[in-house]
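Visitor: Could you put the whole structure together from the sequences, leaning on the hints where they help?
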Amino acid sequence: MTGGPVVHSDESGALNDPRFRSFFQLRELQKGSSLMKRTAFLPYVCCVVMLLATSGCRQSPMENENPGEAAESERYVPTIVTGDIQAGIEKHIAEEVARGNGHFTVPFEGKELRLRLVRVHVEYLASLAPQRHFACVDMASEDGQFYDIDFFMEGDPGSMKVTETTVHKLNGRPYYLWKQNEDKHWVRAPVDDASDVLLGVLTGKDAFEFRYQAVLPELAEAAKCWLPLADSDDYQKVEIKSITTPGKRRILTDSAHGNRVLFLELGAADSGSTIEIVYQVERIEKKAYPGDAVAAQAHLKPERMVPLNERIKAEAEKAVAGREGVLQRARALYDHVMEQMRYMKFGEGWGQGDAMYVCDSLYGNCTDYHSYFIALARAVGIPARFAIGVAIPSERNDGGTDGYHCWAEFYADGKWWPIDISEADKFSALSMYYFGHHPANRFEFSRGRDLLLDPGPASGPINFLAYPYLEVAGERKPVKTLFLFRRDGCGNGCASDAITAKVKTVDI
1 MTGGPVVHSD ESGALNDPRF RSFFQLRELQ KGSSLMKRTA FLPYVCCVVM LLATSGCRQS
61 PMENENPGEA AESERYVPTI VTGDIQAGIE KHIAEEVARG NGHFTVPFEG KELRLRLVRV
121 HVEYLASLAP QRHFACVDMA SEDGQFYDID FFMEGDPGSM KVTETTVHKL NGRPYYLWKQ
181 NEDKHWVRAP VDDASDVLLG VLTGKDAFEF RYQAVLPELA EAAKCWLPLA DSDDYQKVEI
241 KSITTPGKRR ILTDSAHGNR VLFLELGAAD SGSTIEIVYQ VERIEKKAYP GDAVAAQAHL
301 KPERMVPLNE RIKAEAEKAV AGREGVLQRA RALYDHVMEQ MRYMKFGEGW GQGDAMYVCD
361 SLYGNCTDYH SYFIALARAV GIPARFAIGV AIPSERNDGG TDGYHCWAEF YADGKWWPID
421 ISEADKFSAL SMYYFGHHPA NRFEFSRGRD LLLDPGPASG PINFLAYPYL EVAGERKPVK
481 TLFLFRRDGC GNGCASDAIT AKVKTVDI
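If you count the sequence shown from 1, position 327 lands on 327 in the numbering used here, and the numbers rise without skipping.
FYI, nobody ran anything at the bench for these hints, they're computed from the structure. In this text the structure is predicted, and so the values were computed from the model without any measurement. Treat the hints with caution; some may be incorrect.
DSS-like cross-link-like pairs, simulated, lysine-lysine; straight-line CA separation at most 25 angstroms [unchecked claim]: (1) K224 / K480; (2) K205 / K287; (3) K345 / K477; (4) K224 / K205; (5) K224 / K415; (6) K480 / K241; (7) K91 / K248.
Restraint-style ranges between C-beta atoms, simulated for each label pair [claimed, not checked]: (8) E142 / A293: 49 to 57 angstroms; (9) R99 / D233: 26 to 34 angstroms; (10) R311 / S255: 24 to 32 angstroms.
Idealized CB from N, CA, C, for every residue including glycine.
Guide: What follows is the structure in structure tokens.
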């Protein structure tokens, strides 16, 4: 997953919406808005919306078995902003690197890890109680291993001291999860004993409000922006509640895959403006479903970053050797991708869904996992296709999400079979589930690669569309993006029994 956190202005819809104030500290926003506009960190996120370890480091865990202390922490309203915590953890790491001759050292499983800082997860920084703070960082070893490290700290701004350092994940695979007890405190839970909910899976139905927010950078001249506009299908019912944008806007249709896309024409006066799309979503779990065999053949064609060539074909044929039937061959490729790849976001090139890059590096994120599988499947005559959206956290009912997520489907025996190889690789206990299922707590933005739009970017078809595609003078520019959700009060099972293919649109 790519993309950074968003700095919200005072006009942000989520900040002014009382339903979302449980995880935004408006006090800090009001007194520190000028600082926030200069720095790329999120407003403080309250402990009640802590993320668990289903994808990336998870937010603000706190271990406490004392009910009296639990009551005190529930009343705690922090005044420490995430910038203070970020400064504290970065200072600690810099001091340890100086002592470690250029490396951050951590004892782990009988050896000493020598690591370098990749990034601080600013979206997961949190103040848990008076003088008690949490931070999570990504670090890489000299041999290319990728570690998530959890830190607990104590103290005031400028004098925070680390009290605990724990290796949380290796290449995306957790050594423990965070679980919230009835007293609202978080404790470590072993992965082996974790429920499907802790591992990110809701079966059956789900329903939630979803906010897609983006903040434009400084624009010195005219610009264009393309954003996904999610639509309904047999597995998700989408109501667009509101669209707030600067500039001129209209809806386009991707001629390659039928995706709806929101197109904006912008100017310098739109610098720093917020884009927000608010959805109401009902989802049901996706299982293998019927599909037309003739139409499926279109998904054997190569794409710019998912080619058909001799190298891909040779690798695919080797992986499926001795397997009979399309399902067996697809499962062999699914297992091959898990065996060959590591979930790791390090260096340059990952996250683009470049199948040839994956052949060389054998690591990447969800985009890379599924692009690799799709290339291999097509090489042995199995139609396969790509989709992208977001995984809604299963273990809590509101807050942010950890960027985009993507998945794939392949065609066999008259059906499309949903798969999620990167999640299966993280949690081997779910590898059977993810071969033929997508959980209900998903929200699909768009399908396919090489999206064709008119007007489209000067660079040509859009590789895939989850985050805004902003183009200035023919060059793509980054846009800070944030995804927020609030699950319906009745929780899992709120969605109506009849998921229809209707979408309510607003006047744009």
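Visitor: Run every hint past the structure and note whether it holds.
Guide: Now for the hints, and whether the structure bears them out:
no.	hint	verdict
1	K224 / K480	holds, 16 angstroms
2	K205 / K287	holds, 13 angstroms
3	K345 / K477	holds, 20 angstroms
4	K224 / K205	violated, 37 angstroms
5	K224 / K415	violated, 39 angstroms
6	K480 / K241	holds, 22 angstroms
7	K91 / K248	violated, 45 angstroms
8	E142 / A293: 49 to 57 angstroms	holds, 50 angstroms
9	R99 / D233: 26 to 34 angstroms	violated, 55 angstroms
10	R311 / S255: 24 to 32 angstroms	holds, 30 angstroms
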